[in-house]
Structures are given as structure tokens and as C-alpha cells.
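Chain A is fixed; fit chain B onto it per the hints.
As they're listed, the protein sequences go chains A and B.
Residues in the first sequence are numbered from 1 upward in steps of one, following full-length UniProt numbering.
Residues in the second sequence are numbered from 1 upward in steps of one, following full-length UniProt numbering.
If you're looking for bench data, these hints aren't it; they were derived computationally from the structure.
Idealized CB from N, CA, C, for every residue including glycine.
Do not rely on the hints blindly, as some may be mistaken.
Some chain B residues flagged as far from chain A (calculated, every beta-carbon gap over 12 Å) [stated by the list, open to error]:
{"id": "1", "residue": "Gly112"}
{"id": "2", "residue": "Glu153"}
{"id": "3", "residue": "Val182"}
{"id": "4", "residue": "Thr201"}
{"id": "5", "residue": "Met209"}
{"id": "6", "residue": "Asp302"}
Listed next, with one range per pair, are the computed distances between beta-carbon atoms [as the list claims (entries may be wrong)]:
{"id": "7", "chain 1": "B", "residue 1": "Gln171", "chain 2": "A", "residue 2": "Asp302", "range": "30 to 38 Å"}
{"id": "8", "chain 1": "B", "residue 1": "Glu337", "chain 2": "A", "residue 2": "Glu120", "range": "33 to 41 Å"}
{"id": "9", "chain 1": "B", "residue 1": "Val223", "chain 2": "A", "residue 2": "Gly72", "range": "41 to 49 Å"}
Once the Cα atoms are required to be at most 30 Å apart in a straight line, the calculated DSS-like pairs of lysine-lysine come out as [unchecked claim]:
{"id": "10", "chain 1": "A", "residue 1": "Lys61", "chain 2": "A", "residue 2": "Lys91"}
{"id": "11", "chain 1": "B", "residue 1": "Lys96", "chain 2": "A", "residue 2": "Lys311"}
{"id": "12", "chain 1": "A", "residue 1": "Lys91", "chain 2": "B", "residue 2": "Lys311"}
{"id": "13", "chain 1": "A", "residue 1": "Lys311", "chain 2": "B", "residue 2": "Lys4"}
{"id": "14", "chain 1": "B", "residue 1": "Lys311", "chain 2": "A", "residue 2": "Lys96"}
{"id": "15", "chain 1": "B", "residue 1": "Lys96", "chain 2": "B", "residue 2": "Lys4"}
{"id": "16", "chain 1": "A", "residue 1": "Lys61", "chain 2": "B", "residue 2": "Lys311"}
{"id": "17", "chain 1": "A", "residue 1": "Lys96", "chain 2": "A", "residue 2": "Lys61"}
{"id": "18", "chain 1": "A", "residue 1": "Lys96", "chain 2": "A", "residue 2": "Lys4"}
{"id": "19", "chain 1": "B", "residue 1": "Lys91", "chain 2": "A", "residue 2": "Lys311"}
{"id": "20", "chain 1": "B", "residue 1": "Lys91", "chain 2": "B", "residue 2": "Lys61"}
One letter stands for each residue in the lines below.
2 protein chains.
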Amino acid sequence: MAEKGISLRPHLKTAKSIDVARRATEGHSGAITVSTLAEARYFALGGFSDILYAVGMVPDKAAEVASLQNQGTTMTLITDSLACVTGLANKAGQMKCHFRLMIEIDCGGLRGGLDPEAPELITLAQAIAQSPYLTLAGVMTHGGHSYGVRGLEKVRDIAVEERLAVTRAAQRLRAAGIPCPVVSAGSTPTAVAADDFEGLTEMRPGVYMFNDLDQVGIESCQVADLALSVICSVIGHNPRSGRILIDAGALALSKDTGGQRFLRDVGYGRVCDARGRQFDGLFVSEVHQEHGLVASASGRPDFDRFPIGMKLRILPNHACITAAGYGHYWVTNRRGEIEARWDRLNGWWDAPLTGSERVKLSAGS
Amino acid sequence: MAEKGISLRPHLKTAKSIDVARRATEGHSGAITVSTLAEARYFALGGFSDILYAVGMVPDKAAEVASLQNQGTTMTLITDSLACVTGLANKAGQMKCHFRLMIEIDCGGLRGGLDPEAPELITLAQAIAQSPYLTLAGVMTHGGHSYGVRGLEKVRDIAVEERLAVTRAAQRLRAAGIPCPVVSAGSTPTAVAADDFEGLTEMRPGVYMFNDLDQVGIESCQVADLALSVICSVIGHNPRSGRILIDAGALALSKDTGGQRFLRDVGYGRVCDARGRQFDGLFVSEVHQEHGLVASASGRPDFDRFPIGMKLRILPNHACITAAGYGHYWVTNRRGEIEARWDRLNGWWDAPLTGSERVKLSAGS
Numbered sequence: 001m002a003e004k005g006i007s008l009r010p011h012l013k014t015a016k017s018i019d020v021a022r023r024a025t026e027g028h029s030g031a032i033t034v035s036t037l038a039e040a041r042y043f044a045l046g047g048f049s050d051i052l053y054a055v056g057m058v059p060d061k062a063a064e065v066a067s068l069q070n071q072g073t074t075m076t077l078i079t080d081s082l083a084c085v086t087g088l089a090n091k092a093g094q095m096k097c098h099f100r101l102m103i104e105i106d107c108g109g110l111r112g113g114l115d116p117e118a119p120e121l122i123t124l125a126q127a128i129a130q131s132p133y134l135t136l137a138g139v140m141t142h143g144g145h146s147y148g149v150r151g152l153e154k155v156r157d158i159a160v161e162e163r164l165a166v167t168r169a170a171q172r173l174r175a176a177g178i179p180c181p182v183v184s185a186g187s188t189p190t191a192v193a194a195d196d197f198e199g200l201t202e203m204r205p206g207v208y209m210f211n212d213l214d215q216v217g218i219e220s221c222q223v224a225d226l227a228l229s230v231i232c233s234v235i236g237h238n239p240r241s242g243r244i245l246i247d248a249g250a251l252a253l254s255k256d257t258g259g260q261r262f263l264r265d266v267g268y269g270r271v272c273d274a275r276g277r278q279f280d281g282l283f284v285s286e287v288h289q290e291h292g293l294v295a296s297a298s299g300r301p302d303f304d305r306f307p308i309g310m311k312l313r314i315l316p317n318h319a320c321i322t323a324a325g326y327g328h329y330w331v332t333n334r335r336g337e338i339e340a341r342w343d344r345l346n347g348w349w350d351a352p353l354t355g356s357e358r359v360k361l362s363a364g365s
Numbered sequence: 001m002a003e004k005g006i007s008l009r010p011h012l013k014t015a016k017s018i019d020v021a022r023r024a025t026e027g028h029s030g031a032i033t034v035s036t037l038a039e040a041r042y043f044a045l046g047g048f049s050d051i052l053y054a055v056g057m058v059p060d061k062a063a064e065v066a067s068l069q070n071q072g073t074t075m076t077l078i079t080d081s082l083a084c085v086t087g088l089a090n091k092a093g094q095m096k097c098h099f100r101l102m103i104e105i106d107c108g109g110l111r112g113g114l115d116p117e118a119p120e121l122i123t124l125a126q127a128i129a130q131s132p133y134l135t136l137a138g139v140m141t142h143g144g145h146s147y148g149v150r151g152l153e154k155v156r157d158i159a160v161e162e163r164l165a166v167t168r169a170a171q172r173l174r175a176a177g178i179p180c181p182v183v184s185a186g187s188t189p190t191a192v193a194a195d196d197f198e199g200l201t202e203m204r205p206g207v208y209m210f211n212d213l214d215q216v217g218i219e220s221c222q223v224a225d226l227a228l229s230v231i232c233s234v235i236g237h238n239p240r241s242g243r244i245l246i247d248a249g250a251l252a253l254s255k256d257t258g259g260q261r262f263l264r265d266v267g268y269g270r271v272c273d274a275r276g277r278q279f280d281g282l283f284v285s286e287v288h289q290e291h292g293l294v295a296s297a298s299g300r301p302d303f304d305r306f307p308i309g310m311k312l313r314i315l316p317n318h319a320c321i322t323a324a325g326y327g328h329y330w331v332t333n334r335r336g337e338i339e340a341r342w343d344r345l346n347g348w349w350d351a352p353l354t355g356s357e358r359v360k361l362s363a364g365s
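Here chain A stands alone, though its shape is the one from the complex (with noise of 0.2 Å):
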């Protein structure tokens, strides 16, 4: 990005992680995404100042950004919805705050944002652009539909998207008199893969940070770049299925299976020796809550290679929803010996909620 002049703002949505976000913004504006208000105090709370919460704004939420902001982190909320836009106008009249506000553009994983060429972005836009109690700090987008294509030729075309969506966004405002100052897109695939950024000024990549199957199979990244994985014990055979039991199950490994998509013999995790050697074939075929399932693709694994207590290393298909079930990394050198642990956030903001807060949760229509 830097080579390419645009600024990254790296989603700490798969880390969260204090000590991966000062790595990952070393040398660097300290600017970050985030996926929860919990995330956002968290890093805000670890010195990061700078924060865009890339998940639709609710004017519930108000109260909860506002606390932040009073402790000096520059909150940057996005919206796509003119009902969001006063409810939150509202608020920060109440609250006497301001909010600073991001349009969220649609450029085709039909989720969030609104059709680049909508008649609703400009009156959105000066719907915020007109209160005294907010400020719009330009468009986003995200191209996560990216995940679905294989091969970096493929994700360019994504990226192309991705890009003409939002930086049209960004020219329809300004044709109308609005200034758009950040025009900001990224996936891990397309900040992977693009090779033009013309128009844009920020990228959001998160992923790329871990890395995991479902990038090894969009080819954003080979099997060496995964950081992330998950170590477990050998702890049964059972000779009528010719599986091998390992105490990583749904819970240690998730039920995410989106390595599946681009590459065979994924199951819910590709599985290595402790070193993180692949075996050839070798699969977590089947999980339950605290057991998986081991399977070879090449008919029945040598139950004597795995004998009961060995330690075998599990190479994830989406490091963002594995590393949920951990509330902390262990960190290894080259040696593969541990050096550090890493903290991690999990959860959502209600951790600590005061009295009124219970009130008003319990009153919600």
C-alpha cells in the first residue's frame, strides 16, 4: 500500500489483538478498522486513536461511540440507511456530540451500502452534510465477494469492482457539491491482487495479517504464509471408520468449511505434524464440540504414524472465526518454541453494563 500511496487502515476484525495491531501498523499512522464496538474500546484502550467501525451504525450505539470520543479516539461510524442518519443526528443533539460518518457503497457482495449509482446517496449524503451534528468523511466499500472466485486473475476483476463502485460514489458526491474526502475499499483478495488504486485513498485488509485455507484457496496466499494454527493431541483410533480422534473439535476449530470451496481435502482443517508439516491427504473430516475427526483421502491413515498423545498442528479454513474460540495466541519462533502470548479480545460490548444500560436493554421494543 505504501509503495502504492494509499493508506491502510487494517482490519484488526480477525487478530484482535493488541500486540498484532502495533505490529501490523508499525511505522505507520495507526489508523485501524474495526468490527465491534468492543474492539473499539479495546484498541482504543491499547492507544489507537484512530477508528473506522465498519458495521452499520444504529443510533442504539450512539452512547457507546460517544464514550469513546470523550476519551479522545476519533470514532468514524458508517451508514447506509437515512433513518440511522437522523435517529443519530437526534443523539448527538441530546448528547451534544458529533459524529463523523462514512457512506457504506454496495459494489456487488449484496450485504451492506447502497448502489453506487442510487438516487438515495446523494440525499443521504447531504442529509449529513447539513446537520450540525455530523460530518461525512467520505465512502466505503468492501469487496467481499471476492471469496467467492478463484485465482488472483479472477480477484482482480473483483478488485476492479470494488474500486469502480466506490470511487463513482465518490465522484457522483462530488459532482453534487459535497466533499468526499476518504474513498475507502479492501478485502485481504483484492488489496492482494489489484494492481490499479486510481481514486481511492485507503485499503482495509484484515486476513492477510494470519492467512488461512480460504486464502490459499482464492490463491491470495500459499500454504507457508499461514500464521495461525491450532495444536492438538492425538487421543483416539477407531479401526471401524479408520479415523483418527484428536480433542480439537467445533469449538477449537470452528465449523467454518470455506477452505472447501476452491480445494479438496479441506474438511474443517488440513492437518500437520506439530513442526507444521502437511501430511499428504490427511483431513479433519467430521467435528463435534470437543472432538474432531481425522480422515486420510487416501483410504485409512497408519494408526501406528499417530500414536495416542501425539501432538499434531491444524491448519484452519477461516482464521478469523477460529481464532474466536482463544482468548489468547501463543506465539512461536522458527524453532517452533514459544516466545510470547499474545491477549485477544472476544465478546461484544455488554461485558460491563451499568444498571441503566440493563434498563434500557430490557425495554428494547
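Leaving out everything else, chain B in the frame of chain A:
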């Protein structure tokens, strides 16, 4: 179970909560089942002193078990492997401690356990019985394949398989002159459906404390029996895809789709209003990390009925997996008001207890 004269040893892997455990064992011996040694430690700190760790043991975990035993907890472990028995006996000799074991029997799930007719059953039991460091407590099985059938009639057949497998193993041990005091079985579906417990001494259901759409599909409960749900907000409307966006995605709901086996229009969860009244045909059709996309089985939902900020309640597929995304439960009364916050444990042994857990447990009743 009391009516049938069977001990209940509830499985706490679903709830992982000291508050739930106290209620589940009211007027009861306090015997419980867990799926990780972290749970064992947590419940031991909470005053539970008779704990079955129902995942295949490996000798490497002996020190953790011994540390719990040294603090006064009676731990029971399970195994189906001579390598484990030999390794555990060696560890026990070194550590000058004693381990209590049950032999795991496979009643058809093809996960852990010996076939009840396997010659190794007798060899294994003799190895345990003959070690001065080990005690054979009995035999146990889990009819997890009860999740693969629909309707109590069919579950009843699995319950018979479960019972016959484990009682047959007990009979073979006794015929060989080896005492087998405990004969343990159980899953929520088989515990609900079984009408004959002859030969069993205890049952170990767990999900019944909360229930979920998976159980509704199996017909072991009704939707009205679901105690666990996820509250979230409407954060957007996508007119191009006809879907409502909510701020509950893969982390809030899990990627478990167990309920889809036997129910239609389930996706990643069914959608209710904040009070828990289901919207007909409305379900979470797609999840991303923090986004859920709600679709209607009967065409496009009427967005006006689901304004931005509206609170919705999602019924999950699988309570065990969904609950693991949270550090605590909010407990509501019949009017939907929050009355309490109940603690829960996540993670594995290497994670220290959080501050609030420590405070709570040290003050615990």
C-alpha cells in the same frame, strides 16, 4: 431420571456455567460431566467434587488431573486405549497419585470407544484393574448418532442401541470377573426418548438445559422449550437482495447448521421479535463475521416492519456452539426483563480464569 432410579450426571459442556450447574444439580449428588479440563477446574473451584471428564484421556494431561485431585476433586477419566492406560499408570507412579478410569464403548457413533464385543475390552479392563495406580470405575457410551434421526420413535431405537452396547460391555467384564460398578450412557435425545434403562446406572444429557433448533428437529423438545437465544439489532435493508441485515453473524450465532437436517427455513437461526415470538418463515440465510442476512421463505420481507435499530431475537441451531461465543448469559424473567447475569467459562486449560470468574468463584456459595 429420578423416577427411573437412574443417577443424573448432567453434561455441563453446553452451559459451562456455575450458575446453571447449581440449578441443574439441585437436590442431587452434584456429580457432573465436562468436556475439557478447563471446565473441570472451573466447576471444581465452584464446589463440584465428582467430575467425569468425558473426552478420551491422554497421559500428557495427567498433571492437570492430579492437580485437581490434590485439591479434593474426584476425577473420572475415560479411555479406549491400552497405550493410554500404560502411559497413565506410569505417570501415576511417577507422581504418586491414582487415576479412576472408565472404558469408553462405541454404540454406533463411530467416534471414540471400543466395540462392546471387542476382545480388547477385557485386556484393557485387566490392565486397569491390575495396576496399583488405576481403578476401573465402569463403562460409558454416548449415543451421539441419535442426532441423525427424527422423531422420538426412531431416537428410542438409538437409545436401545446405546443401552445394549454399554450394558453388554459391563456384562462381559463381570463375566470375566472384573467389577463394573458404573454403567453410564446418555445424550439429550436418548435421555428424553428412552423408556427402558435396565442395566444402566447413570445418564449424561446436557443440551436439555437450554435446548435448540437441532433438538426441535429431532423432536426431543418444542420451540417453547428453547431457553437460549441471541438478541441483536436490525442494521440495514438490502433492497437488491431482499434481505434484512442484523449485527449477529458467524461469531454471534456460530456457523452450526444442525437444525437444517430436519427443519426448513432455519439457516443459521430463526428470527423472533425481542420477546421471542417467531416471525413466520424468517431466518438468517447467510452469515459473515459480524453480519447476518435475514431472508423470508415467502418472498421479500416488508422492510417497514423491521426498522433500523429494531431488536430481534435469534433462535440458534446448536446451543453448545452458539453459547461458546459469549462470556456470560443475561437471564430474563417471563416479562423479558433482565434479572441476572450468569457467568460462563470458555477456552481450554491453558487459559487463566478471568478476574470476574476468580472473584465470583472465591465468593461462591
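What hint numbers does the structure not satisfy? Checked against the structure, the hints that fail are numbers 1, 13, 15 and 18, while the rest are satisfied.
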